[in-house]
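Going down the list, the protein sequences come from chains A and B. Numbering-wise (this note's numbering), the first sequence opens with residue 72 and increments by one. Numbering-wise (this note's numbering), the second sequence opens with residue 72 and increments by one.
Simulated from the structure, these hints should not be mistaken for lab results. A portion of the hints provided could be inaccurate.
Copies of the same chain look alike in the list, so a pair counts if it works inside one copy or between any two.
[Stated by the list, open to error] The list that follows gives simulated cross-link-like pairs (lysine-lysine, BS3-like), each with its CA atoms no further than 25 Å apart:
no.	residue 1	residue 2
1	87	193
2	539	411
3	439	539
4	130	411
5	193	95
There are 2 protein chains.
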Amino acid sequence: MASPSVLTPQSEDFPKWYQDIVAKAEMADNGPVRGTMVIRPYGYAIWERIQASIDERIKRTGAQNAYFPLFIPESYLSKESEHIEGFSPELAVVTHAGGEELAEPIVVRPTSETVIGEFMAKWIQSYRDLPLLLNQWANVVRWELRPRLFLRSSEFLWQEGHTAHASAEDASAYAMRIHLQVYNDFLEKVLAVPTFLGIKPPSERFAGATNTMTCEGMMRDGKALQMATSHELGQNFARAFDIYYQSEEGQAELCFTTSWGASTRLVGGLIMAHGDDNGLVLPPAVAPWVVVVIAVREDEEVLAACQQLNEVLSSQGLRTQIDDGRRGSFGRRVTDWEMKGVPLRIEVGPRDLAQGLVTVVRRDTGEKFPVALTEVVDLVESLVGQIQDDMYAAATAFRDERTKDVNSLDEAILTAQSGFARLAWDLVGENGEARLKAEAMTVRCLQRADGAIPDNELEEGLVAIIAKSY
Amino acid sequence: MASPSVLTPQSEDFPKWYQDIVAKAEMADNGPVRGTMVIRPYGYAIWERIQASIDERIKRTGAQNAYFPLFIPESYLSKESEHIEGFSPELAVVTHAGGEELAEPIVVRPTSETVIGEFMAKWIQSYRDLPLLLNQWANVVRWELRPRLFLRSSEFLWQEGHTAHASAEDASAYAMRIHLQVYNDFLEKVLAVPTFLGIKPPSERFAGATNTMTCEGMMRDGKALQMATSHELGQNFARAFDIYYQSEEGQAELCFTTSWGASTRLVGGLIMAHGDDNGLVLPPAVAPWVVVVIAVREDEEVLAACQQLNEVLSSQGLRTQIDDGRRGSFGRRVTDWEMKGVPLRIEVGPRDLAQGLVTVVRRDTGEKFPVALTEVVDLVESLVGQIQDDMYAAATAFRDERTKDVNSLDEAILTAQSGFARLAWDLVGENGEARLKAEAMTVRCLQRADGAIPDNELEEGLVAIIAKSY
């Protein structure tokens, strides 16, 4: 666009750019209570697509959805002390209900883990009940002093999966399945965000976990965002909640459990992984509308052509929207649609129309295609897949450009100012982690040299991915 | 079944029957905090189908989903005092968060109405922004002293729609569209529950509403359950929240608003409208599994036949499940599947199989069909639609049998001990409503004599539907 940008440029102030885009693309607003979030229809439509895509994949692994209560007795949160200590300043506590003070205060769930643990113990009797594969979509609350829409809010939406297995091998294989077939597959194919897959170093592991696997994406400022994590909890969690099963031999045995989650943070990651100075750039798979058909100006013939195009496209299963030209100048409307990141726009003007032509414009590359009306549908259909692939390729190229193999912690700290550093894990060590922390950096994950996911942090030859993060 | 019933019979103790069925069909459990509910996977799978069916219909009316915060500043709940007075003993109040006492207490939303009102006022500028059609799926909290799973729980899941319009006519037409094309269509076609559609008398209207429309279903004990309601709020709500728009003529005008909701109560209604002494009876449209293929006993050939049948059926888009015969006796397993209300079971036994036969059994009527393996799919496909229709017809016949035209309040009180009474609204009056209340009865809705929905309670010749209710 020739018109001046309506967003603070990314290069000038990335956090301000993010704040601007969330407001101007009508993604979300701050709620009246500090740290809470109103997800506006456009932002929520994106979340619905994210949710449906992840849910479908979760169900394919055999897990079932259930719903556990918002309220948890305060006493529950001391059951698994190692885990909960981290939360207590984050808790919102209900002390009054039904018009009187409660005998025991109630906590608004920061996770449903404790209640799910209790019910797993109740529902699991014998080896025949295993594996028990549960998932929940819900809101959770963790008090935030420095909230940021989608990235850190006092209330957020997420899914949390909790599973129980008869053996460590089965638990481990299932956690890996979630990591690869649910999260990574979704991130690649739907969000078009390439990630580094690996395990967290012990210092960054989920409390109580024996292993935490993570998908780390790179944002446009070179920082990392943890997109989703999967935890193997060994028998720690089962021990805290008495989750036993009777084996085929009639022995009482402790279960092995896993947990895994992803949240509305993914919307923040989507914005920051693909957005540019003109606004959102949405991959077709997650866009509420894949195509907007724009009347260059208010005109009966133009509008009729728009409506016809819209009908044909939606009969092909494409999610389309019409801009009938009634709301502001053409330039202003184009700016708005670019802000919303709609993957393709079809501009319909009276002069082109007289020649049987329209113009198709890609949001991701800005390319324009003058095309005969008779060929629009074929072009759009082929572009939809193309854009999805190209966006993934572009994000991968961006990430690889900003990811450097380094040979010392000093070099890593320099590189991680604006990207990811790959340093031998041997060269980090405990002191190294402390030094990184002082620079607001962390080891995001550990990988084998070839990028594969290691079994544990003690393997030889591991590489640490070092970055700043959200 | 010849075996003794595992449920308390309906005729003996209906509330106990309900409690038994919720537990034994693995629909829900009580949560650890009084009045809260754990929705188990089977119950939640039903809720997911309800939710998807309603959501699809809501979107067809043009409404968009959004998400508003769980927490509301306490001060908000005094904004629209007429409405909120009803809630205050029902509120759960957060007084501590972030490790300290809050300056202003926060309320856990009993509805998002107040926050949605605030944001509507912010988002609506001109007539071009109207109608604004919003819906939200969320959990809400209303403290319950006598909780009952699905029917009355301190936390429940629901959708609440809130819309703003430029004219009373548009608001009214939209509320009617929700009433008929969303709620009633869903109740008829998915839940197979016939309802009386009508308006609430002024005494039963939602506070602040100028008109409340309701769908009243009859449960198997003859009591009414309000399945969903739609409210016209006139300009009352807009006035309380300053929801103005600029008209085409440039004048600031107050909007007309509507609100409408349905909740996890629908699951309770589904149970009580169709269930029998053997358990749930689910209409195919809402059943998590439409068919269960049961191995009469553990046997390789039988299991192979079950798996093949299962594959063929699911390739036809039917939701199926296999019972491989490993868990208990055939009789016990059949009892369990009847308890879960699966519409069709296919029993596969070695003797039948040797003759190329299986037995198909309908849950709703108990009818058994010995059928050749080659014809199973056709039979199942035709039965699915048949069962859905028959269940609606059976529920309608049951309701009509228990609905009587009466000529006096005394007669109405007698009839409403076990069904619905239809009495001229003129013969009720204020005193009549008080007398009904003393009998734990209410006017569930007002209809025209032909069953049509009246414009208001002042029309001549209206009929009051009188019943006990949940």
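- Which hint numbers does the structure go against, in order from smallest to largest? Violated hints (numbers, rising): 2 and 3; every other hint is consistent with the structure.
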